[in-house]
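A.B. asks: One-letter residues, chain by chain:
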Amino acid sequence: MTLALETVHLEKAFGGLRVTRDLSLKIEAGARHALIGPNGAGKTTVINLLTGVLKPNSGEILLEGSEITGMPVHKRVLRGLSRTFQINQLYPDMTPLETVGLAVSEHLGHGSDWWRRMGTRGHINDEIAENLARFHLLDAMNERTSTLPYGKQRLLEIAVAIAAKPRVLLLDEPAAGVPESERHDILAAVASLPRDVTVLLIEHDMDLVFSFADRISVLVNGALLVEGAPDEVARDPQVKAVYLGEGADA
Amino acid sequence: MSGEGTMQSEVGASAMARARWRWPEVMFWLLAAAAILIFPNRYLLLTEIAWLGLFALSLDLILGYAGIVSLGHAAFFGFGGYAAGLLALHGVVKEPVLALIVAGLAAMVLGFATSFLVMRGSDLTRLMVTLGIALLLRELANKFSNITGGSDGLQGIEMQPILGLFAFDMFGKVGFIYCLVVLFVLFLLARRLVNSPFGLSLRAIRNNPLRASAIGIPVNRRLIAIYTVSAFYAGVAGALSTQTTALASLDGFAFERSADLMLVLIIGGTGYLYGGLIGAVIFKLLQEFFSAITPQFWQFWIGAVLIVIVLIGRERLHRWVMFVPRLVAGQFARAGTSAVVSKGETL
Amino acid sequence: MTLLTILFDGVAYGMLLFVLASGLAVTLGLMNFVNLAHGAFAMAGGYACAILVNRMGWPFFAALPMAFIVSALIGAVMERSLYRHLYHRSHLDQVLFTIGLVFMAVTAMDYVMGSSQTFIKLPDYLQGQIDLFGLNVGRYRLMIIMICGLLTLALQMILSKTRFGSRLRAAVDDPRAASGLGINVPQVFALTFAFGCGLAGMGGALGAEILGLDPYFPLKFMIYFLIVVTVGGSSSITGPFMASLLLGIGDVAGKYYVPKLGAFVIYTLMIVILLWRPNGLFGRTATR
Chain A
1 MTLALETVHL EKAFGGLRVT RDLSLKIEAG ARHALIGPNG AGKTTVINLL
51 TGVLKPNSGE ILLEGSEITG MPVHKRVLRG LSRTFQINQL YPDMTPLETV
101 GLAVSEHLGH GSDWWRRMGT RGHINDEIAE NLARFHLLDA MNERTSTLPY
151 GKQRLLEIAV AIAAKPRVLL LDEPAAGVPE SERHDILAAV ASLPRDVTVL
201 LIEHDMDLVF SFADRISVLV NGALLVEGAP DEVARDPQVK AVYLGEGADA
Chain B
251 MSGEGTMQSE VGASAMARAR WRWPEVMFWL LAAAAILIFP NRYLLLTEIA
301 WLGLFALSLD LILGYAGIVS LGHAAFFGFG GYAAGLLALH GVVKEPVLAL
351 IVAGLAAMVL GFATSFLVMR GSDLTRLMVT LGIALLLREL ANKFSNITGG
401 SDGLQGIEMQ PILGLFAFDM FGKVGFIYCL VVLFVLFLLA RRLVNSPFGL
451 SLRAIRNNPL RASAIGIPVN RRLIAIYTVS AFYAGVAGAL STQTTALASL
501 DGFAFERSAD LMLVLIIGGT GYLYGGLIGA VIFKLLQEFF SAITPQFWQF
551 WIGAVLIVIV LIGRERLHRW VMFVPRLVAG QFARAGTSAV VSKGETL
Chain C
598 MTLLTILFDG VAYGMLLFVL ASGLAVTLGL MNFVNLAHGA FAMAGGYACA
648 ILVNRMGWPF FAALPMAFIV SALIGAVMER SLYRHLYHRS HLDQVLFTIG
698 LVFMAVTAMD YVMGSSQTFI KLPDYLQGQI DLFGLNVGRY RLMIIMICGL
748 LTLALQMILS KTRFGSRLRA AVDDPRAASG LGINVPQVFA LTFAFGCGLA
798 GMGGALGAEI LGLDPYFPLK FMIYFLIVVT VGGSSSITGP FMASLLLGIG
848 DVAGKYYVPK LGAFVIYTLM IVILLWRPNG LFGRTATR
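Chains as they are written, first to last, in the numbering used here: chain A, 1 to 250; chain B, 251 to 597; chain C, 598 to 885.
The hints are simulated quantities; they were obtained by calculation from the structure and are not laboratory data.
These numbers were taken from a predicted model, which means no experiment stands behind them.
Warning: the hint list may mix true and false statements.
Here are the computed lysine-lysine pairs in the PhoX-like style, where the Cα-Cα straight-line distance is at most 20 Å [as the list claims (entries may be wrong)]:
no., chain 1, residue 1, chain 2, residue 2
1, A, K165, A, K75
2, A, K55, A, K75
3, B, K423, B, K534
4, B, K393, C, K758
5, C, K852, B, K393
6, C, K817, B, K393
7, C, K817, C, K857
8, C, K817, C, K852
Which chain B residues face chain A? A few, computed with CB under 7 Å, are given here [to be verified]:
no., residue
9, G262
10, M266
11, L443
12, P447
13, L450
14, N457
15, I465
16, S541
Facing chain B, a subset of chain A residues (Cβ under 10 Å, in silico) [unchecked claim]:
no., residue
17, G52
18, P72
19, R83
The C-beta atom is built at its ideal place from N, Cα and C for all residues, glycine as well.
Same shape as in the complex, but just chain A (with noise of 0.2 Å):
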């Protein structure tokens, strides 16, 4: 029972603000893990805290064993640790295929090839090829990223973060703002993804968080309140207490 990735007693503060407090979370390798809470609770700031965008207060955090605590952002990436964000951060002005593309590159080695023109080298467009089309946005690859629909930029940025074949996928929220009509997609694909790379997924939607994860932590006011098996978690009164002193949630 390997740890894909955890935290020790992580602490965050902005001025005199706690916004995570002695967070030790444990992701177990393989697992599909979900972070929920009420809104404002800190679980973007985890992620945040997780991928290095952040910097802790005090606390570490372990990749696969190993400490990533200083760790820049992109070699992080390369280790194995790859994220959405629950706001689009696409390239308007780029196709899917050269986003794919920069991160396959960058995957393989080769992103800093400065001699070589783009889509020269086989398996690079192998591996762009597989990801677009496992995300069916083949057919859209070479239209640029603004004109696509919204579910679709969802699935790109997924897609995205897929491309750079990572061992612990950090998914921001991925159906936030999605239309009904494209949300089957981007549950379709969250629920295909293999199953040797671990997922932790913050959502709202409580249907695909219920559905997707075998393990959920609940965060409030940036502290573990509650973890356990989804059916232990939705029966806790703490968290029921949590939710519905909230008002009506997801």
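Since the structure of chain A is already known, use the hints to place chains B and C on it.
C.D. replies: Just chains B and C now, with coordinates in the frame of chain A:
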């Protein structure tokens, strides 16, 4: 879409399509070469356009492709210029092409050394730091006048024949061909660079640095790399100006030079490599035109042009005034040198 | 004794720089606007004073306020007609626009006034030296310290004690929240911009004797103003004030002790400080 083979080749074909040479590009260079024959008594002006274009190209590499704002790119221009001048004056490297390369490398080292300064802080800090570096160099050049000739500049430079074969003539014909060839070679290099995975990653960094690092791109390393390359190009441009005029002066470092360079790029447009070249042509023509009206105060009109362009908005102005050139440039963009294809792209 | 003289001269220089640059600091902090043409307003005030004193025989201390008024008026007109269209543009656009203005101002002045330095005829009692606590100090520089000191105090008073001052501070701190409170932010800015230009104009007039007044003034001193603002930060008055003093003393001391390197010291200092504290020594420079 059936079978892995077709998919893979489609991906490859699409990716490579951008980098193909289209006829407008070919036309541009043929025209440039033809200028040798068409304008036999304007070689001096043409030479200035050539190295100014190269200088603008160097700025486009960092501004248009990587989004680095610099008010002091003249630092590398002046440095390369003095390096080439000193090499020739003291007979250290007699052959011009070799001296050119050495001068470019010198500027490149300077670029690398200062690149770390430029990585930190906001756009505003970058403006300040780059400006400060250029002014600093000017001060140094001024103070160490025993080496640099101070405000009189480096004089008495005598240029040896290029490659030992082609002597600089007094009409400037050899000088122009020399500049044009250098420009073309470096342009080809830049074109390769821009269409490579490296070039794509630069665009990604410029558009969204957060996303770029989340893809695994080592942002700072790439920026330092392109900044260094850009310094090389700027240094070569400075060296060319020294070699073709046999004079190096403090003007090379002047703020006005960095400012004029910005104007050149704005006129021509950033992000598709030809902007600097086209902008250089137009700027020089404007300069000629204004100098004919008010010989001493043409900078006044340049300032007015700058103000008008900014007020109207670069995008809108481009659409109105440059309709035909834009059509041509659009062909260039499709031909695969473009980083920016949309309108409404702000820097 | 020379150390004290250097200190004295440095303080005078620094306070002069502060008066010149304070408008720029507030403009940057308030509207996030990079105005590289700030020096042009200083130059305008300087020339206004010079013309009044040299050609029209006004007394020096009567011409000084006019320098303020002339520059403030020009500033107000420019702000309403041109500058306000650029508030929401990128810093690069603002830089380019104001560079264009500088080119026009510099060449126009060159054309009208000629390119040589202009001196303002000073009254007798401002020339030469005076004995102050056993130290021989320049009278003019003493006057500068006094006037600039008063101006700084007045500025501080306005900012902290008046209603306008608190509106300004609120607007600098957070423009959106401020307008939510009912503060007319555009108006605050227009007034502040004009006032800053006026201060610059007076600084230009005061500085003619020490810094030299010629058409290239805006270009020569652009970097100094920028240094004051970026090193000092723009969230308070104290930051630029301290930065100005630092810069003034540093420049005078540098040019005295290491004349070979001259302004090199200043530029290096600036680069080093900006690297160490990209947001300025004393507070945040606009990073919005």
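A.B. asks: Hint by hint, which ones does the structure fall short of?
C.D. replies: 4, 16
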